[in-house]
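Kindly generate the complete structure, drawing on both the sequences and the hints.
Numbering (numbering that gives the first Met the number 0), first residue to last: 0 to 170.
The hints are simulated quantities; they were obtained by calculation from the structure and are not laboratory data. The beta-carbon is built from N, C-alpha and C at its ideal position, and this holds for glycine as well.
Pair ranges (Cβ atoms, derived):
hint : residue 1 : residue 2 : range
1    : Arg21     : His53     : 19 to 29 angstroms
2    : Ile16     : Glu98     : 47 to 57 angstroms
3    : Arg21     : Glu98     : 40 to 50 angstroms
4    : Lys31     : Leu91     : 21 to 31 angstroms
5    : Leu91     : Val32     : 12 to 22 angstroms
6    : Pro115    : Glu94     : 17 to 27 angstroms
7    : Glu25     : Glu102    : 36 to 46 angstroms
8    : Asn14     : Pro115    : 33 to 43 angstroms
9    : Glu92     : Pro162    : 13 to 23 angstroms
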Amino acid sequence: MSGPTEREGSTLFDNLIALRDRQRREQSDAVKVIHGDDVPVEVNSHGIMRWYLHPSMDGLATRALIYFVQEIPPGSSSGKQQNQGDVVHYILEGEGYTEIDGEIQRWSSGDVVVLPLKSEGVVFQHVNTSRTQTARLISVQANLVDVLGVDLGSGFEELEPAPEYVSQLGD
Numbered sequence: 000m001s002g003p004t005e006r007e008g009s010t011l012f013d014n015l016i017a018l019r020d021r022q023r024r025e026q027s028d029a030v031k032v033i034h035g036d037d038v039p040v041e042v043n044s045h046g047i048m049r050w051y052l053h054p055s056m057d058g059l060a061t062r063a064l065i066y067f068v069q070e071i072p073p074g075s076s077s078g079k080q081q082n083q084g085d086v087v088h089y090i091l092e093g094e095g096y097t098e099i100d101g102e103i104q105r106w107s108s109g110d111v112v113v114l115p116l117k118s119e120g121v122v123f124q125h126v127n128t129s130r131t132q133t134a135r136l137i138s139v140q141a142n143l144v145d146v147l148g149v150d151l152g153s154g155f156e157e158l159e160p161a162p163e164y165v166s167q168l169g170d
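And the structure:
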């Protein structure tokens with residue numbers, strides 16, 4: 000274990016005060032409004048997503064949450080994922096279901112799907128059952144990535160990619 004450097008301060012307590020002061024400066028300049036038009040669309044193995052709050056994003060007024068909007072085209076699905084659970088999905092638009100550990104949970108606009116927190120993790124996949132309307136889900140979870148790591152104690156795996164991601168790979 001290395002000790003504090005002179006530049007940081009002479010004690011670990013001094014380092015804590017310096018960190019506090021730096022964080023206060025950063026907060027005064029932090030982004031407090033994230034405009035939806037400025038958020039890029041990302042197609043990844045879990046689907047079509049727009050990240051508003053993410054552990055890799057700097058300069059935001061909070062790092063406490065992970066927040067994204069996911070779009071699922073008509074008749075399509077998200078990727079199938081295993082994670083720790085404790086994630087809230089608000090159904091902004093659409094109808095469909097989420098399979099949670101093999102159990103079907105049906106939803107429509109205005110509903111909330113909550114993934115339970117389980118020590119062994121949760122396997123889930125969202126499915127849009129509409130043939131005409133895109134489903135849009137707002138997903139929020141505590142950002143514990145810096146504290147516990149991405150696995151959050153129970154693993155983080157994309158078990159099956161979203162169809163849009165697979166078709167993008169073929170292009």
